[in-house]
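First to last, the sequence lines map onto chains S and U. For the first sequence, the working numbering assigns the number 2 to the initial residue and increments by one for each residue that follows. For the second sequence, the working numbering assigns the number 1158 to the initial residue and increments by one for each residue that follows.
A portion of the hints provided could be inaccurate.
Claimed, not checked - Below, a list of computed lysine to any residue pairs in the SDA-like style, where the Cα atoms sit at most 25 Å apart: (1) Lys1427(U) to Ile59(S); (2) Lys1314(U) to Tyr1300(U); (3) Lys73(S) to Thr1188(U); (4) Lys1187(U) to Leu97(S); (5) Lys1196(U) to Phe16(S); (6) Lys1183(U) to Ile71(S); (7) Lys1427(U) to Phe140(S); (8) Lys73(S) to Pro1302(U); (9) Lys145(S) to Phe1484(U); (10) Lys1196(U) to Ile59(S); (11) Lys145(S) to Phe1412(U); (12) Lys73(S) to Val1306(U); (13) Lys1196(U) to Tyr66(S); (14) Lys1196(U) to Leu97(S); (15) Lys145(S) to Gly1180(U); (16) Lys73(S) to Pro1197(U); (17) Lys73(S) to Gly1200(U); (18) Lys1427(U) to Leu97(S); (19) Lys1429(U) to Glu1527(U); (20) Lys1474(U) to Phe1484(U).
It should be emphasised that the hints constitute simulated quantities derived from the structure, not laboratory data.
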Amino acid sequence: MNQKTFNTILALIGFGAFISGVLEVLFTLTGQTFQWGRIAFQGDFTFWRGIILLSSGILSLSAIYNPSLIEKRAQAILASFMIWIVGGLEVFSTILESITGGEDLWLNTVQGFLNNCVDSFTPAVILLPISVFLVLIVFREERKNER
Amino acid sequence: MKFDTERRWELIDKISRETVNYGADKTTLKTILAELTVKPLTGIPFAVAVLYGFWAFFNAFAGFFTDGFFVPFFDNLWLPWLQDIFPLEGSWLYYVLVGDPGATNSFEAFGILTSGMFVAIGIVLPAIVAFYLFITILEDSGYMPRLAVLVDTILHKIGLHGFAVVPMILSLGCNVPGVASTRTLETKKQRFMMMILLSIFIPCGAQLGVMLSLIPEYFGYIMLYLLVGFFLFGYLLDRIIPGKSPEIMTDVPPFRLPTAANVTRKLWVKVKGFFTNAIPFVLLGVGVVNLLYLGGVIDWLSSVLEPVFTGWFGIPKETVAPLIAGFLRKDLAVAQLSAIDMTGFQLITSVVIISIYFPCIATFSMIIKEGRRSGGILKVLGGSLLTLSTVVFLWGGLLHLIGMVLGVR
Chain S
2 MNQKTFNTIL
12 ALIGFGAFIS
22 GVLEVLFTLT
32 GQTFQWGRIA
42 FQGDFTFWRG
52 IILLSSGILS
62 LSAIYNPSLI
72 EKRAQAILAS
82 FMIWIVGGLE
92 VFSTILESIT
102 GGEDLWLNTV
112 QGFLNNCVDS
122 FTPAVILLPI
132 SVFLVLIVFR
142 EERKNER
Chain U
1158 MKFDTERRWE
1168 LIDKISRETV
1178 NYGADKTTLK
1188 TILAELTVKP
1198 LTGIPFAVAV
1208 LYGFWAFFNA
1218 FAGFFTDGFF
1228 VPFFDNLWLP
1238 WLQDIFPLEG
1248 SWLYYVLVGD
1258 PGATNSFEAF
1268 GILTSGMFVA
1278 IGIVLPAIVA
1288 FYLFITILED
1298 SGYMPRLAVL
1308 VDTILHKIGL
1318 HGFAVVPMIL
1328 SLGCNVPGVA
1338 STRTLETKKQ
1348 RFMMMILLSI
1358 FIPCGAQLGV
1368 MLSLIPEYFG
1378 YIMLYLLVGF
1388 FLFGYLLDRI
1398 IPGKSPEIMT
1408 DVPPFRLPTA
1418 ANVTRKLWVK
1428 VKGFFTNAIP
1438 FVLLGVGVVN
1448 LLYLGGVIDW
1458 LSSVLEPVFT
1468 GWFGIPKETV
1478 APLIAGFLRK
1488 DLAVAQLSAI
1498 DMTGFQLITS
1508 VVIISIYFPC
1518 IATFSMIIKE
1528 GRRSGGILKV
1538 LGGSLLTLST
1548 VVFLWGGLLH
1558 LIGMVLGVR
């Protein structure tokens, strides 16, 4: 992958995480929730989620400065891992919540499960696949260089 | 044959020339990633993410089993079935084993087979599994020593060092292994301090699980107050107790992917320990409290202790029963507290007092056992009781004072 494409992906993750983090922190401090389409700024521990995304955004953006350096690439990976933790656990939590059927049913119906899964999600879930892609690329190139 | 220093060094050089191979140190992505997790600027945000991951996993996993399956099972099937088939309604045996015959949920029935089983299996078991699963993954991945390096500076302020984080984290699962692991600390002073601070200020996984399930809205305040207490009393103990607090040097291992077989084996050993050690205590706790109720002991104690409870701590006298249950299991005590009618601030104060007033009996036994290595049983026992009573009156009373000053009820 060329440097320009790599920078673009890194910038996308960095800005996405930074802005989402700032908004999550602001919404928590003002006691508000916000939904735009299926993207929602709500849930548990929103303040800490915001701080983590904000830090991840700063780490990713500072890696753009010289991403060919191995140190900067490692920094970008660490930032991606932070998004994995936030986004991945939200996916995990949504799946578990969708399996149970509430008061009357032990297990949800397939339709109910699917509806619940795609109901709404936080920005970290959108950033998740992009950050997985970035980490895969970096490790693939590292392996190529080792050979 | 005896060598002088110069001859000895020559010999060392000769041996190392013949046995040691030198190569160029290659910087890889993995080694830099490992370094980034111990540098404060990058390591602290990552540590926050890991701790967030811990709580998010804990909530999702424990909530899935407790709210999704155990609550409907115990409330809709187990309780009505027991109430139907159990004979001798109105007798003391029914009261002790099944509890209130008019109860509509297992939590409020207060019998050994209803509330006791529900708290042990329905609430605490999923919390314990979630906690140990996550901790095992952290241990096997090699992240724990990194966390120790990161918190080293902060813990030095209270006379401990980075590796004190291991007993702290273990105590978040159960105080008993936490206290046992203080033997890895170097000096008697550090071991004593850590045992006391753990048993007072670090709630166990079972208690955390009950708090998160029953009073999630107050969880953050309670943890913050306990954490501040941990560091404040740690600082004071460091100044008061004589002894040394040495530095540490530690080897930070590389990151590794945990294997499923190891994680499963470790998890099974820990969960098996919960079944054999904790569940009998929960059931016994419910039984003892019910018997004390029937014998009028709880009512008598409530009247005697009322001035201290309402005057000094600002909590209702009915909290005596959970405090007695807390000797056996803190999780059971918190569960009983949440069923008492009181204000939000009183509930926060009560849970803080349940946490700090005395360790559970299993932890206390371990403190006495470990006391032999930390300055003698009598010294440790006397020191612990003095510290415990000072902390509960000062820290518990201070919370009441804060509430009064802020006008919070």
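Hint check results:
no.: 1; hint: Lys1427(U) to Ile59(S); verdict: 39 Å, violated
no.: 2; hint: Lys1314(U) to Tyr1300(U); verdict: 23 Å, holds
no.: 3; hint: Lys73(S) to Thr1188(U); verdict: 13 Å, holds
no.: 4; hint: Lys1187(U) to Leu97(S); verdict: 32 Å, violated
no.: 5; hint: Lys1196(U) to Phe16(S); verdict: 24 Å, holds
no.: 6; hint: Lys1183(U) to Ile71(S); verdict: 12 Å, holds
no.: 7; hint: Lys1427(U) to Phe140(S); verdict: 35 Å, violated
no.: 8; hint: Lys73(S) to Pro1302(U); verdict: 24 Å, holds
no.: 9; hint: Lys145(S) to Phe1484(U); verdict: 60 Å, violated
no.: 10; hint: Lys1196(U) to Ile59(S); verdict: 16 Å, holds
no.: 11; hint: Lys145(S) to Phe1412(U); verdict: 21 Å, holds
no.: 12; hint: Lys73(S) to Val1306(U); verdict: 22 Å, holds
no.: 13; hint: Lys1196(U) to Tyr66(S); verdict: 20 Å, holds
no.: 14; hint: Lys1196(U) to Leu97(S); verdict: 35 Å, violated
no.: 15; hint: Lys145(S) to Gly1180(U); verdict: 22 Å, holds
no.: 16; hint: Lys73(S) to Pro1197(U); verdict: 16 Å, holds
no.: 17; hint: Lys73(S) to Gly1200(U); verdict: 15 Å, holds
no.: 18; hint: Lys1427(U) to Leu97(S); verdict: 24 Å, holds
no.: 19; hint: Lys1429(U) to Glu1527(U); verdict: 23 Å, holds
no.: 20; hint: Lys1474(U) to Phe1484(U); verdict: 17 Å, holds
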